[in-house]
Amino acid sequence: MQPAADYLPEEGRRAIRELGKADIVVGIPSYNNARTIGHVVMAAQAGLAKYFPQFSSVIINSDGGSKDGTREQVLSARVEEAHLLLLSTPILPVHRLAFPYHGIPGKGSAFRMVFQMAKELGAKACAVVDSDLRSITPEWIDLLLRPVLFAGYDFVAPYYHRHKYDGTITNSIVYPLTRALYGLRVRQPIGGDFGISARLLNRYLARTDWETDVARYGIDIWMTTIAVAEGFRVCQSFLGAKLHDAKDPGADLTAMLHQVVGSVFALMIEYEGVWRKKQGSEPADLYGFRFDVGLDPVPVNLGRMLDLFRRGCQDLREIWALALEPATLAEVIRLGRDVDPRKFHISNDLWVQIILEFAGAHKHKPFARAHLLRSLTPLYMGRVASFVIETEPLLSDQVEERIERLCIAFERHKPYLEALWTGHKPVRPARETAALGAEMEASR
Amino acid sequence: MIESLEKIMAGAFARLAEPAAAFLPRLIAAALILVLGVLVAVLARRIAAGTIKAAGVDRFLAQSGLASLLGLSGRFRTSRVVAVAVYWVIVGAAILMSLSALNTALTSRLIEGAVVLLPKLVTAGVIVLAGLWTAQYVGRSTLVWACNEGIPRPRVVASAVRAAVIVAAVAAAADYLDFARAVFLSGFIILFAGAAAGLAVGVATLAKRHFAPPTGRAETTEPEPEKSFWDHL
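Each protein sequence line maps, in turn, to chains A and B. Take the first sequence: its position 221, counted from the start at 1, is 864 in the working numbering, and no numbers get skipped. Take the second sequence: its position 175, counted from the start at 1, is 181 in the working numbering, and no numbers get skipped.
Looking at chain A on its own, in the form it has when it is part of the complex (with noise of 0.2 Å):
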């Protein structure tokens, strides 16, 4: 574990001299985003600007090795202040400062400066935002930030209206999961906005997990899982529309998955002691005004999703054996014999049982988990297949109840959850009546 002090580079350390000190810090982490980030950059800016103008704030741009002149563009995008309604005099002035971080190359990394910033700073509040953002707005930073220094949360999680096929990961595994186990409705758990708290800031940066999966896409499910976890207050805020700049069809979104995923079993493990006490869940506090938005519509490759669940039940049975009960096995087997995209379908309590099952080797498998956490993208791909299927003919409030009725199986299967974490033989949960196939078979 690098010590705190030494993570921050040199130009980092100087900018901490020069400025002293600020109230509010932005942070937005970024690789090769010149094309969206300095929209982002005027939005927090005027956001700060228009909402804050009493404190003294800095946005970092905390940069991965960019080639694209994202750096550049952070510390060129200007707000004229004409432009805005500016009612509060004087203005302090809002700082922008672009460094690469050290590290590992990842999110993770690129917060953990961010968070360092702005301990040294002595920052009151912080919040981050992503850089491929196209619908953010200066009332983002107000949403994210007023909770923290005005109602005194730690720890701010977005709401946002998204396409039905947007956000499948947050969709079919994290929100569910945790809000089965620690009993909170935060509906974006990997949202990539957040507001934090000084508090919590520190709670994070003393934590010695950095180096892990935290360093890359799990920064966000760790973050969310912290605060509520160990008991800081938590809200949502409701940011309007998340639009966003398509994924780099560069990266490796299976190492995504495998991140985000292996993330959460593994703060399942620490965090065993709280989860087991929970039983159903709660809403979260929700802040700002709701309304409706147009969304721009996400394109899916059926086909490809299907075929990849085929492959992944001809090939890789070995291995989900490792996590499976036999029955479940079967159950998936079975499917991938016959992949017709009419009438494809995995159950709620099917998926579940699969999630729960690779939950429970994660725990008692240590030296299977980089195979089991790679072999789950083909049962993703299913599932999300069969999502897609179930809920093209429905509007966002009727897909909306559908992941609710994820939610509340993922709820009923906590028993089986503790008997495959405590090594007993796990009972299945009465299964969700053939009601809703009919339901689901009416609605096509």
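Please keep in mind that the hints were generated in silico from the structure rather than gathered at the bench. Just so we're clear, the structure is a prediction, and the values are computed from it rather than from any experiment. Glycine residues also receive a C-beta, built at the ideal position from the N, C-alpha and C atoms. Treat the hints loosely; a few may be bogus.
Unchecked claim - Facing chain A, a subset of chain B residues (Cβ under 10 Å, in silico):
id: 1; residue: Y143
id: 2; residue: L149
id: 3; residue: E155
Got chain A sorted already, so can you dock chain B onto it with the hints?
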């Protein structure tokens, strides 16, 4: 005549009986040592298997997922492997001791050779075992990767990788033992040269497909860019 014949035969028997009488006790001792050794080995095998089973090593290896990496079928049992190893070590020692009891020039040479060779054999065995374990791990990683990336015939690719690692381990063990060094080295070079050539052809084919300038009429129209497989994430 008969008297002479009797004398000759008695002389021959006497000449045979003398060394036989001298050798027989050693032979009996050797046989006894061997039988005793086998009995001890059988007993030790049972004790080893029982002790390891009682200590829960098999259960730990199965639960931790290590067993699936050690045995190709995933049904690896430490108790069985250790028990067999203990059995053969004791039987091997008994054979050497019984040969030593014979005290002949040939057996002495055999024992000397075995004593010199044994540590090398054990090391070579460890190299091969480590190779098998690595092959299983790397093969499984390849299988998952190939399946996720949509590579055709992932099982074949994984088996090829597994075989390459095993060949490398066997070549390293043979090199350590100075056994057929040239044969293994040549096989190793041919295998990797073939793999490198195959890789180069694959890369060249992909590069041609992606970067070749449009030549024919059919290629002059701009193909519609394919949507990312992962956009929905």
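Here's how the hints hold up against the structure:
no.: 1; hint: Y143; result: holds, 8 Å
no.: 2; hint: L149; result: holds, 6 Å
no.: 3; hint: E155; result: holds, 8 Å
No hint from the list above goes unmet by this structure.
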